Amino acid sequence: MENFPVLLTILLSPVVAAIIMAFIPREEHLLIKCVAATGTFISMALSLYVFFAYDQSLGGLQFVQRIPWISDLGVTFYLGVDGISLPMLLLTNLLGFSAVFSSWNVNHRPRDFFILFMLLVTGVMGTFVAQDLFIFLLFYEVVVIPIYILVIIWGSTKRVTKEYAGMKLTIYLLIGSAFLLVGVIALFMKTTAIQGAPDMSFEGLARAARYLSEFDQKWLFALMLFGFGSLLSMWPFHSWSPDGYAGAPTAVSMIHAGVLKKIGGYGLIRIALYILPAGAKFWAPVIAFLGVCGVAYAALAALAQKDLKYIVGYSSVSHMGYVLLAVASLNVIGVNGAVANMFAHGIMAALFFSTIGFIYEKTHTRWIPDLGGLARQVPRIAVAFMLAALASLGLPGLISFVPEFTIFIAAFKVYGGLAVVAIAGIIITALYALRAGANTLFGPPRPEFNHLRDIRGPEMVPLVVLGTVLVVGGLFPFLLFDVINSGVVPLMSQIGGALKIGGAF
Amino acid sequence: MVEFALYNAWLVPLLPALAFLAIIFLTRPWPMLSALVAVGGIVASFVVSALVAYGVFTNPEFLEKPLVYAVRWFSMPGLNVDVGIQVDPVSAMMIFMVTMVASLIFIYAIGYMKGDPGFSVFFSYVSLFAASMLLLALSSNLVEMFVAWELVGLCSYLLIGFYSYKISAREAAKKAFITCRVADFGLLLGLLALQIVFGTLNLVELSDKVAHYEKYTTFGVLTLIAVLVFIGPIGKSGQFPLHVWLPDAMEGPTPVSALIHAATMVVAGVYLVARTVFIFAKVPAAMELVAVVGAFTALFAATIAVTQREIKRILAYSTVSQIGYMMLGLGVGSMTAGLFHMWTHAFFKALMFLAAGSVLHALHHKADIWEMGGLIRKMPVTGWTFVVGGLAIAGIPPFAGFWSKDEILVAALESGHYVLFVMAAFTAFLTAFYMWRLIFLTFFGEENPANHPHESPPVMTVPLVILAFLSAVGGLVGTPWAPVWSQWIFFEHPHHVEPNYWVMIGSVVLAAAGIYLAYQLYVVDKAKVKVKELAERYRHIYTILYNKYYIDEIYLWFNHTIIDGAAKLIYLFDIYIIDGVIVNGLAYLTGLSGESLRVLNTGRLQNYALVFFLGVLALVVLLAFTGPSSASLTLGGVK
Chain A
753 MENFPVLLTI LLSPVVAAII MAFIPREEHL LIKCVAATGT FISMALSLYV
803 FFAYDQSLGG LQFVQRIPWI SDLGVTFYLG VDGISLPMLL LTNLLGFSAV
853 FSSWNVNHRP RDFFILFMLL VTGVMGTFVA QDLFIFLLFY EVVVIPIYIL
903 VIIWGSTKRV TKEYAGMKLT IYLLIGSAFL LVGVIALFMK TTAIQGAPDM
953 SFEGLARAAR YLSEFDQKWL FALMLFGFGS LLSMWPFHSW SPDGYAGAPT
1003 AVSMIHAGVL KKIGGYGLIR IALYILPAGA KFWAPVIAFL GVCGVAYAAL
1053 AALAQKDLKY IVGYSSVSHM GYVLLAVASL NVIGVNGAVA NMFAHGIMAA
1103 LFFSTIGFIY EKTHTRWIPD LGGLARQVPR IAVAFMLAAL ASLGLPGLIS
1153 FVPEFTIFIA AFKVYGGLAV VAIAGIIITA LYALRAGANT LFGPPRPEFN
1203 HLRDIRGPEM VPLVVLGTVL VVGGLFPFLL FDVINSGVVP LMSQIGGALK
1253 IGGAF
Chain B
246 MVEFALYNAW LVPLLPALAF LAIIFLTRPW PMLSALVAVG GIVASFVVSA
296 LVAYGVFTNP EFLEKPLVYA VRWFSMPGLN VDVGIQVDPV SAMMIFMVTM
346 VASLIFIYAI GYMKGDPGFS VFFSYVSLFA ASMLLLALSS NLVEMFVAWE
396 LVGLCSYLLI GFYSYKISAR EAAKKAFITC RVADFGLLLG LLALQIVFGT
446 LNLVELSDKV AHYEKYTTFG VLTLIAVLVF IGPIGKSGQF PLHVWLPDAM
496 EGPTPVSALI HAATMVVAGV YLVARTVFIF AKVPAAMELV AVVGAFTALF
546 AATIAVTQRE IKRILAYSTV SQIGYMMLGL GVGSMTAGLF HMWTHAFFKA
596 LMFLAAGSVL HALHHKADIW EMGGLIRKMP VTGWTFVVGG LAIAGIPPFA
646 GFWSKDEILV AALESGHYVL FVMAAFTAFL TAFYMWRLIF LTFFGEENPA
696 NHPHESPPVM TVPLVILAFL SAVGGLVGTP WAPVWSQWIF FEHPHHVEPN
746 YWVMIGSVVL AAAGIYLAYQ LYVVDKAKVK VKELAERYRH IYTILYNKYY
796 IDEIYLWFNH TIIDGAAKLI YLFDIYIIDG VIVNGLAYLT GLSGESLRVL
846 NTGRLQNYAL VFFLGVLALV VLLAFTGPSS ASLTLGGVK
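Just so you know, the protein sequences line up as chains A and B, in that order. Residue numbers are given in my numbering: position 271 of the first sequence equals residue 1023, and the series is strictly consecutive. Residue numbers are given in my numbering: position 312 of the second sequence equals residue 557, and the series is strictly consecutive.
Hints were generated in silico from the structure; no laboratory data involved. Where hints are given, some of them may not hold.
Residues on chain B that point at chain A, a partial pick, calculated with CB under 10 Å [unchecked claim]:
#	residue
1	L308
2	E309
3	P311
4	G398
5	K411
6	L437
7	N696
8	A811
Partial list, derived from the structure: chain B residues whose beta carbon lies under 7 Å from chain A [unchecked claim]:
#	residue
9	V392
10	Y410
11	K419
12	F422
13	V427
14	F430
15	V442
16	D453
17	Y816
18	I822
Restraint-style ranges between C-beta atoms, simulated for each label pair [claimed, not checked]:
#	chain 1	residue 1	chain 2	residue 2	range
19	B	I750	A	F1228	53 to 59 Å
20	A	F775	B	N804	55 to 61 Å
21	A	P1242	B	G839	55 to 61 Å
22	A	N755	B	A832	27 to 33 Å
Just so we're clear, the structure is a prediction, and the values are computed from it rather than from any experiment. Where a beta carbon is used, it is the ideal one built from N, C-alpha and C, also for glycine.
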């Protein structure tokens, strides 16, 4: 196993599956789905292996793969994982595998659907394992195209049309990446001038960026903050998120809310914070403020929703506010909490969207006033729904409690009163999560749903996979935190010096 | 054996937790087997607890130093959280009491829940409930305790909403969870502040550090922390103003009410205060707050209980009131008295709830006490055990409640809280009155011909008898003449109370007066003329009390008008301002600029040629008038 290119295999497995699918006749639905499941399963199994085989005591980048590519631009096809990217990679694969089964009942052009979906998953994974800024952007752009097509063909039209939702989602992604691109090019030119030779790897950029003037750090960081922030649905650049998720098909909502969004948070830590610590220090109060606004604003907005997907959409905006607040605390505990919370929210949001997808598939509605009493008719769906809802409100024993707890400690320490507003969000979260559960699942059963068939067979996979992670991660938080910590500590110690000099506080 | 139990006390919460898993994943299709698994789990846990308690209460070393063992839960630089077990007299007493009462309730539930379609699920939930509570009792770390605390809340949510197809149950469950959530917000802030200030949430380390808190923080901050921490118990233990969920919690099956009110949920708050008493002891203001909230709640809930008509609702308000007593005991500085009342209350309140359940079982869930009467003839075991409970809660010696209530009264008096003492004494009178009003109306007087009651099966009555026995003698461990209790359960130094005969006599007189008044109004006066007259004369007061001071209505209004209104506003802002004006506005502007620029792309060659020609013309003019050097600068040509 020493020299076996694990990361490359993880990346390519869905691509190979997509190529195989292209040669399968379009009416062979079951075969297509099985190929998709196999492709994502191989990736998931290998990423689990990587997760547990990663040597925490050694830390740093492991399973590294470097292939020189465009030497004029200093670009290498550079893959590797550390404690920060590893949970994200695992998350992508857990979700990718589950999402295939959440889409098991897609019978409208399934071959096209799954081919695009495989490309989407590959793109997302690529951003997390890339250690070269160019490769990162490349994978990021790979993500955009399948998302757009998936939404406008397989999406659903509710408050807004699926075309509008798809367009909004895509344009937001592109605007974000445009700002990012300007920042990246400027960064590249400036660091090349400093070093004398082009180097696109994160470490190289970080090393050179240390000699940037404080002013340069600040405006470059601002561009990246806007780019990554809008991807992370940072308030007030969040409005694509509820509409986009509502319009998207189940699998896309799962991947988008679960991991694609996290590219924003991951980029903010791995790229913006790592390369431009002085800029981060300058903007941290702003990030914290916007994060807190997001938490409170989106939680209240979620309370006013009647469409299940909109509730989870706003809820995910609210939870990303916690991630921003944690990053803005700029200390080890906060960044640990941010990464862990991204993982936790990914699992929980995916389970939520998967369950809502099944509810919609069976009842043909997501409108809460038309639902009720489902717990008696479809108890397994009810279990999945409640697990996701309880995780969303941060119930101890499920995966999201410990990350939120660490975030609260870090934020409370640094921001005091501002953090209290964010912590108060747990009350509103409980209110909307339990209200949604109560009005959908409990109360008198409705006779029109008596014939509903509970989820079974392949439909159970998301519940089993994601539910297990929710519980195991909640009971044994060290499994997640030890890995994350092994990545966060070196990162924070490298930029520790920059965080101390000057600045607003 | 004892040694093994002491060092493996984690078995106490683990056994019921395993029962939960076994029922959910294995035995669910077989109800009787599930019940056996659950009862087996809790009884085994009781055996271990009894061994632990034996080990602790025979070895005075535990008074000096608790036995703690822990494993790492998660850690990072600056934040280490362990989960562990802390065995000391307080936790040993607690697990012994919880497992004993819970075992009896579980056995009773076999009879009470018979034939229910959710029989197995019920037993899995109550097992988890007991496991969470036992974990809370044994926690060596406040984070661990908070986890258990929330799990207790989850289980109460699941069990209150057990008949989730009923709207009332669904809403009551939600209300319980959210009310406690509001309180937990305060508690969580308190815990975060403790972690930040002292760098640990480990109970032993924390108590060492808080003892010298001056090194870490100021008195003001510590006061704030203590108040924040106390908000949690206000919610969980149903203290004013967050008591509203507790009376609604009776929507769950009756054994659940017994569990919530006697052995698990509500006493968790009292237990938390007892566990963190080293913080409160440093801050007199916080202690006063605990005492005042307790005394006020005791009186407040007792006045409501006087007018209620539903049997379980009266018991629920009586719990709120009695927990107030416990808080009062803790607040006036006697952890001994507060926990002693928790101990005795567990027996008689479990007894009364289970007996009430037996009544409801017999009357097919008709709950209005005015429609009952004379039940003691048909249901002698239920009736007489309830009478024992009534004597215990009223404080008639030698029943359990007398001793513990007496200790609280003495503690209040001796610490100089005269107003609180008078409030508590008056509450004692009201308690005797409303509880005996319930007993006289339910079990004595004329039989209601519409009812056809029958005594419950032995699986239900035997636990009643055992609990009645415990309610009768459970207080003898802490009489002023043989104060075994106060030698073991105390904070800092044993709190030994000299027998205060005036308080004893006074409290007995008040209790007897309450019972006598109830007897006059509800037994002697067969037509209940006087009662109706009183209700008519003091109509306004009666209405306010019957409607529980309208506190529920105020909260409902706040929730539906303020919170939902704000939510609606934010949502409209999101749709019309952020999305409507900004996002779609930008998109519209982009479209508009495209539209206007489209005019230039006419697609006609002659137009493009014209532009081209004009461009060349401009260049020529530029070159002619400025000379070659500046032209090359503008055009970027070769110098």
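Checked hints:
no.	hint	result
1	L308	violated (31 Å)
2	E309	violated (32 Å)
3	P311	violated (23 Å)
4	G398	holds (9 Å)
5	K411	holds (8 Å)
6	L437	holds (5 Å)
7	N696	violated (28 Å)
8	A811	holds (6 Å)
9	V392	holds (4 Å)
10	Y410	holds (5 Å)
11	K419	holds (5 Å)
12	F422	holds (6 Å)
13	V427	holds (6 Å)
14	F430	holds (6 Å)
15	V442	violated (10 Å)
16	D453	violated (21 Å)
17	Y816	holds (4 Å)
18	I822	violated (9 Å)
19	B:I750 to A:F1228: 53 to 59 Å	holds (58 Å)
20	A:F775 to B:N804: 55 to 61 Å	holds (58 Å)
21	A:P1242 to B:G839: 55 to 61 Å	violated (48 Å)
22	A:N755 to B:A832: 27 to 33 Å	violated (51 Å)
In summary, the structure is inconsistent with hints 1, 2, 3, 7, 15, 16, 18, 21, 22 from the numbered list given earlier, while agreeing with the others.
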